[in-house]
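Residues in the sequence shown are numbered from 154 upward in steps of one, following this note's numbering.
Watch out, some of these pointers could steer you wrong.
To be verified - With a Cα cut of at most 25 Å, we get these calculated SDA-like pairs of lysine to any residue: (1) 214 to 224; (2) 436 to 259; (3) 214 to 414; (4) 214 to 184; (5) 214 to 399; (6) 436 to 306; (7) 214 to 436; (8) 214 to 274; (9) 442 to 344; (10) 436 to 224; (11) 214 to 230; (12) 214 to 200; (13) 442 to 214.
Treat the hints as calculated values from the structure; they're not laboratory data.
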Amino acid sequence: MNDRTVLVVTHTGRPAALRSARLVVERLIAAGLGVRVLENEADDLALPGAVVVSVEPDAAKGCELAIVLGGDGTLLRGAELVREAAVPMLGVNLGRVGFLAEAEREDLNDVVERVVARDYDVEERMTLDVVVRVNGETVHTNWALNEAAIEKASRERMLELVAEVDGRPLSRWGCDGVVCATPTGSTAYAFSGGGPIVWPEVEALIMVPISAHALFARPVVVSPNSVLALELAPETPPGALWCDGRRTVQLPAGARVEVRRGTQPVRLARLHRAPFTDRLVAKFALPVKGWRGRK
Numbered sequence: 154m155n156d157r158t159v160l161v162v163t164h165t166g167r168p169a170a171l172r173s174a175r176l177v178v179e180r181l182i183a184a185g186l187g188v189r190v191l192e193n194e195a196d197d198l199a200l201p202g203a204v205v206v207s208v209e210p211d212a213a214k215g216c217e218l219a220i221v222l223g224g225d226g227t228l229l230r231g232a233e234l235v236r237e238a239a240v241p242m243l244g245v246n247l248g249r250v251g252f253l254a255e256a257e258r259e260d261l262n263d264v265v266e267r268v269v270a271r272d273y274d275v276e277e278r279m280t281l282d283v284v285v286r287v288n289g290e291t292v293h294t295n296w297a298l299n300e301a302a303i304e305k306a307s308r309e310r311m312l313e314l315v316a317e318v319d320g321r322p323l324s325r326w327g328c329d330g331v332v333c334a335t336p337t338g339s340t341a342y343a344f345s346g347g348g349p350i351v352w353p354e355v356e357a358l359i360m361v362p363i364s365a366h367a368l369f370a371r372p373v374v375v376s377p378n379s380v381l382a383l384e385l386a387p388e389t390p391p392g393a394l395w396c397d398g399r400r401t402v403q404l405p406a407g408a409r410v411e412v413r414r415g416t417q418p419v420r421l422a423r424l425h426r427a428p429f430t431d432r433l434v435a436k437f438a439l440p441v442k443g444w445r446g447r448k
């Protein structure tokens, strides 16, 4: 059994992603590393030198690293596969923005070389633990790396929600929904809803109401030790909880959703130590012409 094994996850629906994944796998195997691929991707990859594993939360168990190639959705899928095993994930962006990614398609050769040389750092990103209660009974638990979003289930009527922080009511909103995000998720759904960008090293929970009809409907940033809760009013139409836009459950009127700091972080492999400011400028193509810096 190889003492160095890497799980490779890719978006097999994109021919370019398949080509990139094959290149990565072939070079890792040539360097003497063991490679795992997921059973639902193995046929498309057609790489006989790779070990095929089931798509389970412990698919990465025993691996040194997971390399995930794709857009944001693929990277979030990769996070589901590595979190339980506490294996670092190295994202290669083949999509548009890719804030979770550490490298771009043109960096593939460097990615393989750095992995083979173990030339990377690992950082931990906080997650969210989410609990849904109905009539005081826990009916659903989940987690999120980016955000837990409570949304209206039908377009016709708004949700009526009461927001709570640390056991005290904050405000009632008639709204399209509320996003509870981590700093990692502050540049995703929460950002689209008008929330603040929070630097990854700042530990905090973010709550952003979406299209709220209320005088006080501003994003709030609270301690990572706080507990956020959203209660659906008894007379409101049903809603839905979405975790990272991938896992969902229906919310009946009267349901209560509690969001707190997750007990298990997601580990990200880093090849570069560029400031987060530079990442923002690059990902959003921000205009910085004219900056002269400190003299």
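Hint check results:
{"no.": "1", "hint": "214 to 224", "verdict": "holds, 23 Å"}
{"no.": "2", "hint": "436 to 259", "verdict": "holds, 15 Å"}
{"no.": "3", "hint": "214 to 414", "verdict": "holds, 24 Å"}
{"no.": "4", "hint": "214 to 184", "verdict": "holds, 21 Å"}
{"no.": "5", "hint": "214 to 399", "verdict": "holds, 22 Å"}
{"no.": "6", "hint": "436 to 306", "verdict": "violated, 32 Å"}
{"no.": "7", "hint": "214 to 436", "verdict": "violated, 32 Å"}
{"no.": "8", "hint": "214 to 274", "verdict": "holds, 19 Å"}
{"no.": "9", "hint": "442 to 344", "verdict": "holds, 24 Å"}
{"no.": "10", "hint": "436 to 224", "verdict": "holds, 13 Å"}
{"no.": "11", "hint": "214 to 230", "verdict": "holds, 16 Å"}
{"no.": "12", "hint": "214 to 200", "verdict": "holds, 21 Å"}
{"no.": "13", "hint": "442 to 214", "verdict": "violated, 46 Å"}
Hints 6, 7 and 13 from the earlier list are contradicted by this structure; the remaining hints agree with it.
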